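In terms of this note's numbering, the sequence shown opens at residue 3 and continues consecutively.
No wet-lab data here; the hints were simulated from the structure. None of these values were measured; they are calculated from a predicted model. Among the hints, a few may not be true.
Quick list of in silico lysine-lysine cross-link-like pairs, DSS-like style, CA-CA up to 30 Å [said to hold, decoys possible]:
id : residue 1 : residue 2
1  : K233      : K102
2  : K226      : K159
3  : K242      : K226
4  : K102      : K159
5  : K229      : K159
6  : K242      : K102
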Amino acid sequence: MPPWRLYFTYVSITIGSSFVFGYHTGVINAPLSVGLQSMMRIFSKLIQNFTQNVIDERRYTCGSSCVRVILSICVTGFVIGGLFGGLFGGVLANRLGRRKTLFLLSIPTILGSVLIMVSVCLRSFEAIIFGRFIVGLSAGAYTVVTPTYLSEIAPVKSRGAAGVMNQFVTVLAILLSQVLGLSQVMGTDKFWPFLLGLCAPVCLLHVILMMFCPESPSYLYLVKGDKDAAKHALLLLRGKNYDVFMELDSFQRDPEYNTKHYFGMDNLFRVQHLRWGLFVALIPHFGQQLSGINGVLYYSVPLFESVGLTNRDASFVNLGVGAVIVLGTIMSICVIDRGGRRMLLLVGFSVCLVSLITFTTVLSVQKFSHTSWLTYISILVLYLFVSGFSFGPGI
Numbered sequence: 003m004p005p006w007r008l009y010f011t012y013v014s015i016t017i018g019s020s021f022v023f024g025y026h027t028g029v030i031n032a033p034l035s036v037g038l039q040s041m042m043r044i045f046s047k048l049i050q051n052f053t054q055n056v057i058d059e060r061r062y063t064c065g066s067s068c069v070r071v072i073l074s075i076c077v078t079g080f081v082i083g084g085l086f087g088g089l090f091g092g093v094l095a096n097r098l099g100r101r102k103t104l105f106l107l108s109i110p111t112i113l114g115s116v117l118i119m120v121s122v123c124l125r126s127f128e129a130i131i132f133g134r135f136i137v138g139l140s141a142g143a144y145t146v147v148t149p150t151y152l153s154e155i156a157p158v159k160s161r162g163a164a165g166v167m168n169q170f171v172t173v174l175a176i177l178l179s180q181v182l183g184l185s186q187v188m189g190t191d192k193f194w195p196f197l198l199g200l201c202a203p204v205c206l207l208h209v210i211l212m213m214f215c216p217e218s219p220s221y222l223y224l225v226k227g228d229k230d231a232a233k234h235a236l237l238l239l240r241g242k243n244y245d246v247f248m249e250l251d252s253f254q255r256d257p258e259y260n261t262k263h264y265f266g267m268d269n270l271f272r273v274q275h276l277r278w279g280l281f282v283a284l285i286p287h288f289g290q291q292l293s294g295i296n297g298v299l300y301y302s303v304p305l306f307e308s309v310g311l312t313n314r315d316a317s318f319v320n321l322g323v324g325a326v327i328v329l330g331t332i333m334s335i336c337v338i339d340r341g342g343r344r345m346l347l348l349v350g351f352s353v354c355l356v357s358l359i360t361f362t363t364v365l366s367v368q369k370f371s372h373t374s375w376l377t378y379i380s381i382l383v384l385y386l387f388v389s390g391f392s393f394g395p396g397i
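Produce the entire structure from the sequences given, and follow the hints as far as they go.
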């Protein structure tokens, strides 16, 4: 049985990284559905001043459509930041180490969260956009650093389940954001800035906990060449009676850890087995991003409203999305090390395909027939879609 320190490290890593990514993925739903008039009231004067210079030239009128564009930018600012963050996450992890990189990424996370919280006081929608952008930078880097860190500190037999811990905490954060986003909790005109900025105290807790966590043993041994530090880290993670030398030797033998040979980008396309490996690695990621899951997570409340639910009912039904994702992720944790990744991907993508075809068909029929019971079919099919995604592609 692994010592408590290993599980403590799992929690410490994910609470400030995976949590941030999941929370900001799901939390934007509630402020988007709080009410357009509220956002217009807050930002209308600023927008008017901002566009005063171009009104005469373009006859610009900032109405509801303009505010909707601003809200869309608030949503996509996080995604764009994540795009850039994912590009430098691996570089930082290799140069600074996994642990120090998480410390560094906490800075933009906290700054961005605070900036979002004070946006109302500043009367600045740009503060929300920029705040979500810099939080997105950290979140994008987290998607690279966190799974690597988790898999490197995990015992070999449970490495798959440890990797899924990243997704598990992510979906828990999505569910939490949906609960807090209810109008009965924090989804109100008064509290939505605090709802969007809640990651600041969570990230502070993450920094404190990470002070008591060891660096990745494989990073210390193979990249830094510090065998003593790697041995000490393994003793903390595995226990005092563990044969650390056996695992240190495995770092050299295991292709997953062996970093003796380095390949340039050109080799990925010229060398046949590397080209095939690149293809196998990219296809699931393309499938994941093109599956439509981001549209469901970012706009689930408006989506449920479009099938006939009221805003209140859509907010409660939206909780089911988070709950289903959590259940699907738990199932994948239980079977990933026995069934393998390929089986999970095949099952998950198949469920997503069938459910999306069914959902599109039901929406088309409902548009012309206006049959009320089709609304419930749409909800069930959407739940089926997110369950399939969380079971396979989402991990």
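Taking the hints in turn, this is what the structure says about them:
Proposed proximity of K233 and K102 is supported: the alpha carbons are some 19 Å apart, at most 30 Å. A C-alpha spacing of about 25 Å is found between K226 and K159, which places the hinted pair at or below 30 Å, so the restraint holds. For the given pair, K242 sits about 23 Å from K226 by alpha-carbon distance, which is consistent with the 30 Å threshold. Pair hint K102 plus K159 holds up; C-alpha atoms about 27 Å apart against a cutoff of 30 Å.
A C-alpha spacing of about 23 Å is found between K229 and K159, which places the hinted pair at or below 30 Å, so the restraint holds. In summary, the hint linking K242 to K102 is supported, as the alpha carbons are separated by about 25 Å, within the 30 Å threshold.
Consistency note: the structure conflicts with none of the earlier hints.
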